[in-house]
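Undergrad: In the working numbering, the protein residues as written are 1 to 250.
Any given hint could be a false lead.
BS3-like mimics (lysine-lysine), calculated; alpha carbons at most 27 Å apart, straight line [stated by the list, open to error]:
hint: 1; residue 1: Lys138; residue 2: Lys177
hint: 2; residue 1: Lys150; residue 2: Lys138
hint: 3; residue 1: Lys150; residue 2: Lys177
Calculated from the structure, these hints are not laboratory results.
Model, not experiment: these values are computed from the prediction.
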Amino acid sequence: MSTVLQVEVPTVQVTGSRGVEQKRRPIGPANRMAAYYLKRGLAQELPSYANEYLDDGLAGDVEAAGALVCAAPNRYRGYIAVAAYLRGTPYEAYREILSNAWSLDYASVAQAARDYRLSIRRMMRAGRFPHPFTGLVKVYRGTSGIGRWKAQQGISWTIDPDVAGWFACRYASEDRKPLVVSASVDASDILFYDNGRDEQEVILSRPVVAVVEGDFASWFAAMTRKELQNRTSLEAFLSQCSAETISPGD
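I would like the entire structure built from these sequences, with the hints used as guidance.
TA: And the structure:
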């Protein structure tokens, strides 16, 4: 799965004259061939328990699309998302594939996109993901080991400052100084929103001009609050699982 192929952005038309979401259009012949070979490679390499969902998932079956990504090993999830992008997989199934692949293993998506000379922003834009935001939205980004200029170039942000503080301090060290930056963006610049990991993540359509938000004390406090929230959520989840697996007669 390491062959690099040149691709273009598929033409996308979101709504028709009656406001009904239309299918994503197939892309040009050369890139359609890239999609064909990528799908064939996936069919050869995916384990059988994932491969059984490949055809239906890429063809637009939403349930199969979700099952495909969940069943696939991490190293293939990004290539499945690229295949769906290149093939023009219908919107709802494409969103299911890309959002699940990004949530489960964003690094796999980033690697596959690089291999096919795509950008994450283009892939997200092609999905026309809905989100709840309007007007101006304040976003935050937590990093370590880089300065403000590089931090503001990133695509992944959050609307929760505690999440940003957690990311800033998570890998911080004496040689990797933590940093949290913030910016106000128009809702139209948000390509994707997900809270599946309690991170309130947003993907932005372009780089922004950001400012440093807070200081180390506030970032550390934010990390502490976030870790407490994570532990509380995990304990509640484990308690629920225990209650569901132990019957009253046991």
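Undergrad: Are the hints correct? Go through all of them and say.
TA: For each hint, the structure was consulted:
no.: 1; hint: Lys138 to Lys177; verdict: holds (23 Å)
no.: 2; hint: Lys150 to Lys138; verdict: holds (19 Å)
no.: 3; hint: Lys150 to Lys177; verdict: holds (13 Å)
Of the numbered hints listed earlier, not one is contradicted by the structure.
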